[in-house]
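Chains W and Z, in that order, are what the protein sequence lines are. Residue 180 in numbering that gives the first Met the number 0 is what sits at position 181 of the first sequence, and the numbering runs on without skipping anything. Residue 141 in numbering that gives the first Met the number 0 is what sits at position 142 of the second sequence, and the numbering runs on without skipping anything.
Derived by calculation from the structure, the hints in this document are not laboratory data. Note that CB positions come from ideal geometry on N, CA and C, so glycine has one too. The hints are all genuine.
Far from chain W, some chain Z residues (derived; all Cβ distances over 12 Å):
1. V13
2. S53
3. E59
4. P114
5. A182
6. V189
7. R191
8. V202
9. L212
10. V216
11. A219
12. A223
13. F233
14. G244
15. T269
Now the stretches of chain Z that chain W is said to cover, found in silico as 3 or more residues with beta-carbon under 8 Å:
16. 30-39
17. 334-344
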Amino acid sequence: MTEAIDLLFNTSLWAAVLRIATPLIFGVLGALLCERAGVLNLGIEGIMTMGAMTGWLAVYLGLPLWLGLVVAASSGAVMGLLHATLTVPLGLSQHVSGLGITLFASALAAYLYRLIVEVGDLPPTIEPFRPIDVPFLSDIPILGPVLFGQAAPTYVALAAVIVVAYMLARTPVGLAIRMTGENPHAVEAQGLNPIRIRIGAVVAGSALMAVGGSFLTMAAFDSFFPGMVQGRGWICIALVVFASWRPGKALLGALLFAFFDAYQLRLQTVVDGVPYQLFLMAPYVLSILALIFVARRAEVPASLMVPYRRGER
Amino acid sequence: MRLERRTHTPLYIVVLAPLIAVLAALILAAGLIVAAGVNPLTAYGEMLRGALGSRLSITEMLTRATPLIFTGLAAAVAFRAKLWNIGGEGQFFMGALVTAWIGHSLGVPGWLGVPMLLLASMAAGAALLAGPAFLRLRFGVDEVVTTLLLNFIVLLFVGLMIEGPLRDPLAFGWPSSVPVDNAFRLPDLVPRTRLHIGFIFAVIAAATVWLVLSRTVFGAETRAAGLNADAAAFAGISLPRTIMGVALLSGALAGLAGSVEVMGVTAGVTTTMSPGFGYAGIVVAMLAALHPAGVVAAAIFVATVFVGADAMSRATGVPSFIADVIVALCLLTMIVALLFTTYRVRR
Numbered sequence: 000m001t002e003a004i005d006l007l008f009n010t011s012l013w014a015a016v017l018r019i020a021t022p023l024i025f026g027v028l029g030a031l032l033c034e035r036a037g038v039l040n041l042g043i044e045g046i047m048t049m050g051a052m053t054g055w056l057a058v059y060l061g062l063p064l065w066l067g068l069v070v071a072a073s074s075g076a077v078m079g080l081l082h083a084t085l086t087v088p089l090g091l092s093q094h095v096s097g098l099g100i101t102l103f104a105s106a107l108a109a110y111l112y113r114l115i116v117e118v119g120d121l122p123p124t125i126e127p128f129r130p131i132d133v134p135f136l137s138d139i140p141i142l143g144p145v146l147f148g149q150a151a152p153t154y155v156a157l158a159a160v161i162v163v164a165y166m167l168a169r170t171p172v173g174l175a176i177r178m179t180g181e182n183p184h185a186v187e188a189q190g191l192n193p194i195r196i197r198i199g200a201v202v203a204g205s206a207l208m209a210v211g212g213s214f215l216t217m218a219a220f221d222s223f224f225p226g227m228v229q230g231r232g233w234i235c236i237a238l239v240v241f242a243s244w245r246p247g248k249a250l251l252g253a254l255l256f257a258f259f260d261a262y263q264l265r266l267q268t269v270v271d272g273v274p275y276q277l278f279l280m281a282p283y284v285l286s287i288l289a290l291i292f293v294a295r296r297a298e299v300p301a302s303l304m305v306p307y308r309r310g311e312r
Numbered sequence: 000m001r002l003e004r005r006t007h008t009p010l011y012i013v014v015l016a017p018l019i020a021v022l023a024a025l026i027l028a029a030g031l032i033v034a035a036g037v038n039p040l041t042a043y044g045e046m047l048r049g050a051l052g053s054r055l056s057i058t059e060m061l062t063r064a065t066p067l068i069f070t071g072l073a074a075a076v077a078f079r080a081k082l083w084n085i086g087g088e089g090q091f092f093m094g095a096l097v098t099a100w101i102g103h104s105l106g107v108p109g110w111l112g113v114p115m116l117l118l119a120s121m122a123a124g125a126a127l128l129a130g131p132a133f134l135r136l137r138f139g140v141d142e143v144v145t146t147l148l149l150n151f152i153v154l155l156f157v158g159l160m161i162e163g164p165l166r167d168p169l170a171f172g173w174p175s176s177v178p179v180d181n182a183f184r185l186p187d188l189v190p191r192t193r194l195h196i197g198f199i200f201a202v203i204a205a206a207t208v209w210l211v212l213s214r215t216v217f218g219a220e221t222r223a224a225g226l227n228a229d230a231a232a233f234a235g236i237s238l239p240r241t242i243m244g245v246a247l248l249s250g251a252l253a254g255l256a257g258s259v260e261v262m263g264v265t266a267g268v269t270t271t272m273s274p275g276f277g278y279a280g281i282v283v284a285m286l287a288a289l290h291p292a293g294v295v296a297a298a299i300f301v302a303t304v305f306v307g308a309d310a311m312s313r314a315t316g317v318p319s320f321i322a323d324v325i326v327a328l329c330l331l332t333m334i335v336a337l338l339f340t341t342y343r344v345r346r
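Build the full structure now, drawing on both the sequences and the hints.
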């Protein structure tokens, strides 16, 4: 038992929390952006897979890591545009279209990977983002290695939380997005185009999701395999609800979640006689519990999943 | 150009929609086959030959279609009531696990044991979906996310069981559960092939679901709940009861898929025994426009793509993932095609 508590005082645990949280932060921000504009994007699982593949592939084919992130974001934006086209101007079921995007993007990523990359006994690897030690700051005891010894995209993720939070709360674009999620008719009355706003939000949100996926192959790990996203996208969808559609709370949710995930991984090594699968189940079980816990007081955007057709009520 | 709601949908449009959707998906996927340096017509020819070219390949394709009919029915029943059961994969595995678990040491003759195992798997699948349905009705928790997350939980649970209490000591390599007793293996439909009478069970299930949906009060209530929940409640239909009923039926059907696959094909349970039967069931249901009879046809089409792609991949070198791409594209093109069965374009 003391061993289980000792783990909590290990800096490597807390450094791992930020690392594990990074793809979730990108994913949950992306999903949040789509949903604040009124579109549920269940394509997230596939879009993250697509980002993981395209970002990795770009670097594998010789591009620098930062351009790899751009390629990943672009591939996510393309998938987002597809989802947006089907659900916004055409007004198709956001549930079914999103699942279709997930199936399509996952399959396409696996197909293109197999087509371009010769697969031998071991999957090929790239030189990924390494943890960077911020000069001086990383020498601070305990806090230093946790906060200032992360891979570069982790800092991008934290910055993205601030940017998205500021954009939604304080800028005209943010106001337009939030209004479209609540009442698109009012947006139209203001002389804005709710269709365009929704498409823009879904495209931008999907780009964020794909960058989250690319962290898996370009920082956390150095190769790609189909199915490596392992439900992280679905967990992000649950985290958006848990966060009541607020970026700040979304960051907290992602960190809390990553903490449990990092802790269960380490707990496996000190607890004997418990099957490891029970530990692996914890993240999924926690997501369901989180949903139940907040469901009653969730402040859902009023027009989430309500298609907007001009002149139709 | 704008969309205008149709007051009446002619039958030919209903029948043409899935055919046009499939054609569009095949044309889009052809681009990817060209990217692999292969003539798409050659590739599709190889696929047809691989799935329908011989007696053996046809039986193999129908074997693959059998669980897809069950999972397709499960999705169709649920989606009709706008209950988004995406947990077919998890319910499949629960049905499979329960069948192997009980069927390993059940000391009764086959004619009694097989129905018992089918019922047990139905109960397991139904129970697994009852949870998310309850959470939606009681707390308003979206069932899409809960059923999806349950898929991962169930797969880990299956792994836990087949590496632990249900481990087959005689299995080499990959862990597998203990097999069902030979008395409960389903007889072959065609001698010396893998096709088993489970296919007949699947067709009977489709016919039964059709009857239930079109000829019973429960079926009418399901449809009403899906078309307009408020109006249904106003007409005195108990929405919670209907949704729960739909959940039990849908979960039971997906559970049956796993049970029949174990008794008919695999005997034991492995974590790799499903190439995504649960998820493909969603595509099958949509291609069928949620109609039980259409499910059988759509399942045969999807099975043709999967079995044919394996053979085509061996012959031409196009990665067999193309099957997943085609099936996913079919889902996307089908929902667009369905739009044009309810709306038409006006200038």
